[in-house]
Amino acid sequence: MTIEDRPPSATSCVHAGDPPDAATGAVEPPLYLASAFAFDSAEQAAGAFLRENDHLIYGRWGNPTVRALELKVASLEAPSRDPKEHAAGYDACATASGMAAITATILTLCQAGDSIVAPRSMYGESARLFRERLPRFGITTTFVEQTDVEAYERAIGDTTKVLYVETPANPTLTITDLRRVCEIARARGVAVVADNTFATPYCQRPLAHGVDLVIHSMTKMIGGHGDAIGGIVVGAEDRIAAIKETAIKSFGGILSPFSAMLISRGIRTFSLRARQSCETALSLARALEGHPAVARVHHPGLESHPGHALARRQMSAFGSLVAFEVKGGVEVGRKVLESCGVVTHAVSLGDARSLITHPASTTHMSMPRDARIAAGIDDGLLRVSCGIEETDDVVSDLLRALA
Amino acid sequence: MSSFLDDDAGPSTRSVHAGVSRPDRFDAVPTPIVATATYTFRDSAELAQHMTGEHPDPHREEYGRYGNPTVRALEERIAALEGADAECAVFGSGMAALSTAVMALLKQGSHVVIFRDGYRRTRQLLGKTLASYGVEHTVVEPGDLEGVRKAITPKTRLIVGESPTNPYLHCTDLAALAAIAKDHRGVKTIVDTTFATPINVRALSLGIDLVVHSATKYLAGHHDVLAGAVVGSRALVGLVRDLRGVLGSVLDPHGAFLVARGLKTLALRVERANATAQKVAEMLEKHPRVSHVYYPGLPSHPSHAIAREQMRGFGGVVSFRVKTDADATGDRAPLAVTSRVVDAFRLARIAPSLGGVDTLVEQPAIMSYYELSSEERRAAGIEDDLIRLAVGVEDEADVLADVRRALEAP
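Line by line, the protein sequences give chains A and B.
Start counting the first sequence at 1; every next residue gets the next number (this note's numbering).
Start counting the second sequence at 404; every next residue gets the next number (this note's numbering).
Treat the hints as calculated values from the structure; they're not laboratory data.
Heads up, some of the hints might be wrong.
[Stated by the list, open to error] Partial chain A-side listing against chain B, Cβ under 7 Å, derived:
#1 Tyr58
#2 Ala112
#3 Ile229
#4 Glu338
Built from N, CA and C at the ideal position, the CB exists for glycine as well.
The whole structure should be built from the sequences, with the hints applied where relevant.
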């Protein structure tokens, strides 16, 4: 079950998972809202429950619109030679949000007494889950420096069930060596879970590097239009089946068919959008580097980025995010934020619009300055998520804001 | 809540108007579908106001997983239907509502009291799944309040019940259950009243701490959306809402719109289902091919007295058993005979779920307990000859005729 490491084809984005409707010939398959599915006979129902036929049963356990999306995303993270199909032996499970995908995955892999090794710098709500919520149910986490593979190895103990990775990671887009983390995990019989939201399958295919389960907040670039919340986990069929059985059927964090339809619709242009966003991000990073008002630029595509060589090995593009520090501290950071025009001030990422945030004056303003700086969030740090506008318009908007 | 709605407004008026208080900027009558993942702020100062809790609009949203105006409007409506001071959080499914509510109140080492009859996935979650995270439990017989009292230990944090239960429609004396919990410090009650709906019972007014609904059923009522709701005090629902932000099992705005749209006819639908189900139950009780009927509206049901006292109507679900020869095998075995009855329904469709406009029928031995042997099912209280009928809003005569026809099956 080796996965080829290549960017998803635009053909997969359009065709995989949702062929035209067989019943009506409609090119776009219908949106199935059904919460329950009717049977012709008790015998057919029994067969469905025993999995002797593939008749659908109940909306929480499976819906055709949601299923089409699962197959489509599986084809992006686990491509096969046929652009309409995903690699044999792999599957995906969609959830109501990215956080629902993370909780479903962790609660399936871990029980009371088990533990996780996770990066020190990770998405804030994931960190809150690992730090505050999971210990209430006997699941503990050791946090390590994410660029230090040996730290991951040292942190593995008898109770460790999961190595958790985010690469590139907030706030300075540091890179973790996926292949080496996976080698360590395999030697110790531990599963590797990667949140691939920042990179997207356009830039990075963690399954091809040996990761067991890949998680996405599809709210971000996969959906790409900022109009639907959703999450997904992709991996080997048996692992996905276990997640569906324990986490989805019992915890119920399912994705709605409406959201699934919006996200599938978004994926049709995923590779176009991702290419445009990544090109803009690299151009922006280069334009900012050496700018007199800018102290530092963080983008894995820049030769100056400490993870650049590694990023070149494991990524096929460097993502849509650029972080940079302006000279002059919080005040100047705030001024740049408020001077942007095309680039919109909002906290999400992966949108069709370019978005900018200034953590020190907004999301992290209540955090003590020392702790914030220790977490890598400098006073003047700004993060731009490049959208799909014309590259020149985004770059010149920021240069104008910096002037 | 809505200022124009009198406290004593009737159920249909409440169904249409409860909780609808904020006009949108176009003065559209229904709540608009706000399909957004995130929210933009005028400037940093406004975001800072929001982060420090000083924003003038208490409903100012920040990010879709933490809140959405369409979802929030639905929450206000469900809260208003359950009780004047109630607060509500909605979810992507009933199981998401229940699992998030119990996980907000339990942790490793705590103990929960549950009942033997109830939705199988609920019992699995509390009895098995949460056990793997160190939560202990005791199972008591439905309605056995003395059993509940005895089961409480110093570690007990929760009593989780259903009223009426699935599939035998046992009703618990909710006021008495709440009183037992209040006798013990730190013990809260959660009751799933999906089968009753707030039209038939308002458990918060009886002292229950949190009410859980699979809103997929009667609240939405059209078999076209999955959703769940937790209703209770601001403090408790606040804990649940906070955990929802982490566990992430949110309801999407399109789903919220469908539930809110369905809610407008809640009282009409439930009253119709109450009336038809009562007639079906009475007819079944006299039918020669039926051995048992389980419906709290029948004097023969063990919960009839308490159901009469605490419910306005008895709901749309009727369970019954087909007369069969327990020792017969092959074509005459109880499972096979009962399947033929289920297959002979024409109006009612064979499907899981309940509470929608369409009448649905199912044989629990197949629909929910398929992987067990007959003996294991019987030990779990599920007989092979049991049928669960969930009455919709079709004309009463047509539903009755369909049941009669089905019972003529060979």
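Cross-check of the supplied hints:
Annotation: interface hint on A:Tyr58 holds; nearest CB of chain B at approximately 5 Å, less than 7 Å. Given hint, A:Ala112 at the interface with chain B, holds; its Cβ is 4 Å from that chain's nearest Cβ, closer than 7 Å. Satisfaction of the interface hint for A:Ile229 is found here, the shortest Cβ-Cβ separation to chain B being roughly 5 Å, below the 7 Å cut-off. The interface hint given for A:Glu338 is met, as the beta carbon of that residue sits about 6 Å from the closest beta carbon of chain B, less than 7 Å.
Every hint from the earlier list agrees with this structure, and none is contradicted.
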